[in-house]
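**Q** In case you want the letters, here they are:
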Amino acid sequence: MNSLRIFFVGGVTSYRALFGWLTPWVFVPTLLIVPVFQILLFAYIGRAAGLESDGFYVIGNALQSAALPCVFAMGHTISGERRQHTLAFVLATPARRLPLFLGRALPVVANGFVVSAFSFAVGTALLDFSPPPESLAPLAAIALITAFSCTGLGLLNGGIGLRVRETSVLSNVVLGLLLVFCGVNVPLDDLPGWMSTIAEGLPLTNGIRAARDVVAGASLGDVSGLLLTEAGIGLVYLLLGLVVLRFFEVQSRRHATLERS
Amino acid sequence: MRALRLILAGWRFHLKSLTLSSFFLLTSAIQPVIFATIAFYMWRAGGRGDTLLYVALGAGLMGIWSSTLFASGGAISWQRWQGTLELSIAAPAPFVLVLIPMTLASATIGLYSLTATLVWGRLFFGVPLELEHPALFVAAIPATIASLGMLGLVLASTFVLYRNANAMANLLEYPIWLISGLLVPLSLFPGWVRPLSWVLAPTWGVRAIRDSALGGGDPLLAIAMCLGLAVVYLAGGIFCLRLFERLARQRASLSLT
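Going down the list, the sequences are from chains A and B.
Under this note's numbering, the first residue of the first sequence is numbered 1, with each subsequent residue one higher.
Under this note's numbering, the first residue of the second sequence is numbered 1, with each subsequent residue one higher.
Just so you know, the hints here were simulated from the structure itself, not pulled from any lab data.
Glycine included, every Cβ here is placed at the ideal spot set by N, Cα and C.
Heads up, some of the hints might be wrong.
[Stated by the list, open to error] Footprint (simulated), chain B over chain A, 3 or more residues, beta carbon under 8 Å:
hint, region
1, 27–36
2, 167–173
[Unchecked claim] These stretches of chain B come out as covered by chain A in the derived footprint (C-beta under 8 Å, 3 or more residues):
hint, region
3, 22–28
4, 37–47
5, 176–183
[Stated by the list, open to error] If you want the ones that stay clear, here's a sample from chain A, every Cβ over 10 Å from chain B, calculated:
hint, residue
6, Ser3
7, Phe8
8, Gly10
9, Thr13
10, Arg97
11, Ala121
12, Asp128
13, Pro132
14, Ser135
15, Ile160
16, Ser224
17, Ala231
18, Val236
19, Val244
20, Leu258
Whenever a hint applies, use it, and build me the whole structure from the sequences.
**A** Below you can see the structure in the form of structure tokens.
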């Protein structure tokens, strides 16, 4: 019961604290407007290069935009606490780490889903793309699963944040690599073999593939394998993130580096 | 002469300072390489592999814009957080001469972007580095830096009214990349976008650099437009700064965030 309380109450409290600095004046430009312009930029580059249809870029970039809050917010769970000098208190509590950090991940998944859905809706309205109405519900499910897998990667990013000082730089690099490797804007077949192989082990890749299949007419059942893989990859990153968090927590206690920023 | 010495010393100082920041190294070197890589693959997959130098130069300019936007946009706010704003304004030198080196330095470290995308393109994508008009290319770079630096002055003096300068910078990064024709020809956009692009330094900067490198167009006109816009931005920046300084003194709000 105590773990459940930490999971829900701790998660909501942490998320509300996040909004202490993530005011609408930051949220709207950074998490709503930027993803829309990202879609427009790549759709127009695609038109100039004569590569794919607008729908290809709307789907890829809308799902990738879920990674923006997921990777940054989870990274911030560490760096933000450290900046406000509350990290030591969080890690000094006897609370179990699993509900403590997973509770912080749950609102982030919801946030990632909202950002993804918003950019998909606006991108669709602005560009030459009309997804079939029956694909919208499966697409929502895919966006939710993709937001979960990106949050898993975000937790790993947060764990590394216990050691790496510049978490925002690290988060930007992670987002950039997702953009390059996961077939967001370049079909995986057009990337070198080693890059598409790496992409298979990253979040987003299978989610994007499933979403494009669904828009092309596949049912949710047809892409269930891709979605299970996407969720599985997210779970692996989540577990890896918890292990890394634990490891660096022990290390930082041993070397007294917890609050070194 | 004293003003020139102040600008030069400040420019060198801020250039070194920005070079030591991992955030600005990311913005000016890593991020443009990421975007260049995506664009290289997109153009190549679309069967337009002959235009990769066009892409490399555009991606380099993207980095110059980002570093100008983030470093200049936050210049006054950072001084405020570090407690040096009052000292800078109280100093006998006009505040604009303190700020100009900062915004010029922020545009200058964008040169890392251009270098990074050209070297990256050459090493990994075989992008040829043959310049059509080398002398004009050499002239186009400082003209572009000057115009973006002065645009940075306008950003620095207006963003100060906005508490979340970084969010504002985030907001302006992609749209300017888009409508300046850095990676997408302006002819693909609706007609109303073009007049907007004409008042933006990156539009003329990329045109000056690209036309001098690839031939075609009118690089001299683009260089002249860069310099002309720099003068207009300078006048606008001075006006905004004076207004900001007067209001801040009147309201005693200089150090308030």
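**Q** Determine for every hint whether it applies to the structure shown.
**A** Structure-based check of all given hints:
1. 27–36: holds (count 4)
2. 167–173: holds (count 4)
3. 22–28: Since three or more residues must qualify, the claim that chain A covers the region 22–28 of chain B holds, with 3 doing so at under 8 Å.
4. 37–47: The restraint on the region 37–47 of chain B holds, since 10 of its residues have a Cβ under 8 Å from chain A and three suffice.
5. 176–183: Result for this restraint: holds, n = 3.
6. Ser3: holds (36 Å)
7. Phe8: Given that every Cβ of chain B is farther than 10 Å from that of A:Phe8, nearest at about 30 Å, it holds.
8. Gly10: With a cut-off of 10 Å, A:Gly10 remains clear of chain B, as the shortest Cβ separation is near 27 Å.
9. Thr13: Non-interface label stands for A:Thr13: nearest chain B Cβ at 23 Å, farther than 10 Å.
10. Arg97: Check passes; 29 Å lies beyond 10 Å.
11. Ala121: Given a closest Cβ separation of 18 Å, the condition holds.
12. Asp128: The claim stands: A:Asp128 keeps its Cβ more than 10 Å from every Cβ of chain B (closest is about 12 Å).
13. Pro132: holds (26 Å)
14. Ser135: holds (25 Å)
15. Ile160: holds (15 Å)
16. Ser224: At roughly 29 Å from the nearest Cβ of chain B, A:Ser224 sits farther out than 10 Å, so the non-interface label holds.
17. Ala231: holds (26 Å)
18. Val236: holds (24 Å)
19. Val244: holds (21 Å)
20. Leu258: holds (21 Å)
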